[in-house]
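> Can you make the complete structure from the sequences, with help from the hints?
Each chain, written out:
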Amino acid sequence: MAFEDAIYTRNSHYSYEIKNNRLRIYPSAVDSSPSQFWIEFFVDSDPWSESDTEGRGGKSGIEGINNLNTLPYENLPYKNINAIGKQWIRRFALSLSKETLGNIRSKFTTIPIPGDSVTLDGPGLLTQAQSEQEKLREELKTTLDELTYTKLMAEDAALADSVNTINKMIPLKVFVG
Amino acid sequence: MAKSSDKTKWAQPASPPPPLFLGEKERDLVKQVNDELIERVIGQEIIYYPISLEHTNFHPLYGEAIEKNFLSPIRIHVLVAWEGYTTTVTNLGIDKRLSLTVNFHRRRLIEDQDVYLREGDFIAYGDDFFEIATIDYPKQIFGQGYIGRERIFEAQAKCIKAREGTFDAS
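Each protein sequence line maps, in turn, to chains R and U.
Each residue of the first sequence is one higher than the last, beginning at 1 in the numbering used here.
Each residue of the second sequence is one higher than the last, beginning at 1 in the numbering used here.
I should point out that these hints are in silico values taken from the structure, not numbers from a laboratory.
Any given hint could be a false lead.
If the Cβ cut is set under 7 Å, some of the chain U residues that face chain R in the computed set are [said to hold, decoys possible]:
| hint | residue |
| --- | --- |
| 1 | Val30 |
| 2 | Val33 |
| 3 | Asn34 |
| 4 | Leu79 |
| 5 | Asn103 |
| 6 | His105 |
| 7 | Phe153 |
| 8 | Glu154 |
Okay, the calculated beta carbon distance ranges per label pair [stated by the list, open to error]:
| hint | chain 1 | residue 1 | chain 2 | residue 2 | range |
| --- | --- | --- | --- | --- | --- |
| 9 | R | Lys135 | U | Glu26 | 32 to 38 Å |
| 10 | U | Ala14 | R | Leu96 | 40 to 46 Å |
| 11 | U | Thr8 | R | Gln87 | 58 to 64 Å |
| 12 | U | Glu26 | R | Gln128 | 22 to 28 Å |
| 13 | R | Thr142 | U | Ala81 | 50 to 56 Å |
| 14 | U | Ile160 | R | Leu96 | 52 to 58 Å |
| 15 | R | Pro123 | U | Trp10 | 40 to 46 Å |
| 16 | R | Leu96 | U | Gln44 | 35 to 41 Å |
We put the beta carbon where it would ideally sit given N, CA and C, even for glycine.
Have a look at this one:
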């Protein structure tokens, strides 16, 4: 009782209660109360249980995550990607553009000009684009590999070991009795 | 044997199909690349002086005109092949003649600038004046036959330096 008294004394008296799908708020609204109330709520979801697929019939992952398709991942909006990720996307988009331009310019190896002919750089662009894309994929893979829990724990362990090694070299104080 | 319906019967189409690989788009691409290369990248240019027959007092018998009048000069971007001097030695002495081969992008010339080349007209290249001696059309687009005039891609003019007094636009 003393605990409840303390709660009522120190905390706000505003409260709510849900009973039989009805919301009771306290204190009761009076004339001087605000004319509108906003209620913030969310529906609790269990990431381990698959929600019913919309119109696709049934739950393929009813037993939880059993393959890549039932992972509770959603599309990541571009605005939520950080600067490093955006920069990677820009570089990859540039590389794709080079590939497209390379395909276009590869249609004709040479184009006639008065008195001569000019060779287009389509094959060069294609080679460059493929090399860049491979490099970018490798870069992404390396970065993601470094962020796995195993790698992070290994780095933490190495750091702790190094700290211990340094601590061993610090001279102890001389005890004077 | 089943009787074939009208839909399955072969009929002669009204016109032949367009070329699958070298249609209008491809010809336009060639023109676009040439325009960009010749005008924005290479940038060689001449001034073309079309001689006016109406305004030139030529000899009634020999057709020669000491003073030639010309229509408004036109600037044209071209590709010039410099051929240097040709020296000839005769009993009368040494003669040195400068010559050029001027390569025109014909479609640009006709469609955009409305210029038609003629032997006997003059051009200015640098500080010198040259007379067009011969004109040839040596190249078609991708070797296609002479179907339309636009397929002739290039005009080539062999020019020799105008002797002093032959032509003066200054």
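> Run every hint past the structure and note whether it holds.
The hints, checked one at a time:
no.	hint	result
1	Val30	6 Å, holds
2	Val33	5 Å, holds
3	Asn34	6 Å, holds
4	Leu79	5 Å, holds
5	Asn103	3 Å, holds
6	His105	5 Å, holds
7	Phe153	6 Å, holds
8	Glu154	4 Å, holds
9	R/Lys135 to U/Glu26: 32 to 38 Å	34 Å, holds
10	U/Ala14 to R/Leu96: 40 to 46 Å	42 Å, holds
11	U/Thr8 to R/Gln87: 58 to 64 Å	59 Å, holds
12	U/Glu26 to R/Gln128: 22 to 28 Å	25 Å, holds
13	R/Thr142 to U/Ala81: 50 to 56 Å	54 Å, holds
14	U/Ile160 to R/Leu96: 52 to 58 Å	53 Å, holds
15	R/Pro123 to U/Trp10: 40 to 46 Å	42 Å, holds
16	R/Leu96 to U/Gln44: 35 to 41 Å	37 Å, holds
Checked against the numbered hints given earlier, this structure breaks none of them.
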